[in-house]
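Quick note: the sequence shown uses our numbering, first residue 14, plus one each step.
Hints listed in this document are in silico derivations from the structure and should not be mistaken for laboratory results. Just so you know, these numbers come straight off a predicted model, no measurement behind them. Check each hint, because a few of them may be wrong.
[Unchecked claim] Below, simulated BS3-like cross-link-like pairs (lysine-lysine); rule was C-alpha separation at most 25 Å, straight line:
id: 1; residue 1: K148; residue 2: K55
id: 2; residue 1: K62; residue 2: K177
id: 3; residue 1: K62; residue 2: K121
id: 4; residue 1: K205; residue 2: K148
id: 5; residue 1: K205; residue 2: K192
id: 6; residue 1: K148; residue 2: K203
id: 7; residue 1: K177; residue 2: K203
id: 8; residue 1: K148; residue 2: K58
id: 9; residue 1: K148; residue 2: K177
id: 10; residue 1: K62; residue 2: K203
id: 11; residue 1: K191; residue 2: K205
id: 12; residue 1: K121; residue 2: K55
id: 13; residue 1: K205; residue 2: K177
id: 14; residue 1: K192; residue 2: K121
id: 15; residue 1: K148; residue 2: K62
id: 16; residue 1: K192; residue 2: K148
id: 17; residue 1: K121; residue 2: K191
id: 18; residue 1: K148; residue 2: K121
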Amino acid sequence: KAANAGAVLEIDLNGYALTYTSDVAAHSAMITVNSGSTLIVKDSKGTGKIVYTYTGAGDPSFGWGTYTITNSGTLVVEGGTIEMSTPLNGAGSVEHMHCAIQASGSAKSTTIYGGTVKNETYRSIRINGGALTVKGGDMVGQVWMQPSVETTSIAIIGGNFEPKGVDASSVYVENGSKKVVMQISGGNFKTKLGVANP
Numbered sequence: 014k015a016a017n018a019g020a021v022l023e024i025d026l027n028g029y030a031l032t033y034t035s036d037v038a039a040h041s042a043m044i045t046v047n048s049g050s051t052l053i054v055k056d057s058k059g060t061g062k063i064v065y066t067y068t069g070a071g072d073p074s075f076g077w078g079t080y081t082i083t084n085s086g087t088l089v090v091e092g093g094t095i096e097m098s099t100p101l102n103g104a105g106s107v108e109h110m111h112c113a114i115q116a117s118g119s120a121k122s123t124t125i126y127g128g129t130v131k132n133e134t135y136r137s138i139r140i141n142g143g144a145l146t147v148k149g150g151d152m153v154g155q156v157w158m159q160p161s162v163e164t165t166s167i168a169i170i171g172g173n174f175e176p177k178g179v180d181a182s183s184v185y186v187e188n189g190s191k192k193v194v195m196q197i198s199g200g201n202f203k204t205k206l207g208v209a210n211p
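Input sequences plus hints: build the corresponding full structure.
Written out as structure tokens, the structure reads:
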């Protein structure tokens, strides 16, 4: 469901699960944060989760993917599990577009204070724009930055990073022609950090 621009929505999962299942190979999201809006995810009981289960085969001719949460505004994760569940792994041009959190080029910020952002088969977070700040929590699946705007940045202050599936690096920045500001002052990385076109 998409919230109206300017809205602030706080979700306390309170130990419950929000789930969605689809086999449609298209650009879609379970939850959309519109430009100018804010979504805050909490979980006061510690067992709550938001899960998008994608059961399709993917479409390599379609340049987008499916996301549990897509952010074009402000997203704050303070607890709970945000998960993309998909069988796609190893196809190269398909599965990397399916992530638990995606921030578009118009996103203002994505901040992870705690909880788990998870994709067991590939990438957990895909950042195309805005400021990503990770202060805690578990990133299960590679954090991937592919900026579409010059204002994209990443700051890692804490948290645990573990790649899954075909990934070798915990955090990977593919900057192309766009400048990326990357600051790391903490965190636990199971594998290396990767940068293309530094």
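Against the structure, the hints come out as follows:
1. Using a Cα cut-off of 25 Å, the hinted pair K148 and K55 holds, with the two alpha carbons roughly 15 Å apart.
2. Restraint check for K62 and K177: satisfied, since their Cα atoms lie roughly 19 Å apart, inside the 25 Å limit.
3. Between the alpha carbons of K62 and K121 the distance comes to roughly 24 Å, so the proposed pair stays at or under 25 Å and holds.
4. At roughly 19 Å between alpha-carbon atoms, K205 and K148 fall within 25 Å of each other, so this suggested pair holds.
5. For the proposed pair K205 and K192, the alpha carbon gap of about 21 Å is at most 25 Å, so the pair holds.
6. A threshold of 25 Å between alpha carbons decides the hint, and for K148 with K203 the separation of about 17 Å falls inside it, so the pair holds.
7. Of the pairs offered as hints, the one joining K177 and K203 holds, with about 10 Å between alpha carbons and a cut-off of 25 Å not exceeded.
8. Taken as a hint, the K148 and K58 pair is honoured in the structure, with Cα atoms around 20 Å apart against an allowance of 25 Å.
9. About 21 Å separates the Cα atoms of K148 and K177, which keeps this hinted pair within 25 Å; it holds.
10. With a C-alpha separation of about 24 Å, the suggested pair K62 and K203 falls inside the 25 Å cut-off, and the hint holds.
11. Only pairs whose Cα atoms come within 25 Å are accepted, and K191 paired with K205 is accepted, the gap being roughly 22 Å.
12. Straight-line distance between C-alpha atoms of K121 and K55 comes to about 20 Å, which keeps the hinted pair within the 25 Å bound.
13. Distance hint between K205 and K177 is fulfilled; the C-alpha atoms sit about 13 Å from each other, no more than 25 Å.
14. Distance check on the hinted pair: K192 and K121 sit about 16 Å apart at the alpha-carbon level, within 25 Å; holds.
15. Restraint check: the Cα-Cα separation between K148 and K62 comes to about 19 Å, which is no more than 25 Å; the hinted pair holds.
16. Distance restraint check for K192 and K148: the Cα-Cα separation of roughly 22 Å lies within the 25 Å cut-off, and the hinted pair is therefore satisfied.
17. For the given pair, K121 sits about 17 Å from K191 by alpha-carbon distance, which is consistent with the 25 Å threshold.
18. Under the criterion of a C-alpha separation no larger than 25 Å, the hint pairing K148 with K121 is consistent with the structure, at around 17 Å.
This entry satisfies every hint, going by the numbered hints stated previously.
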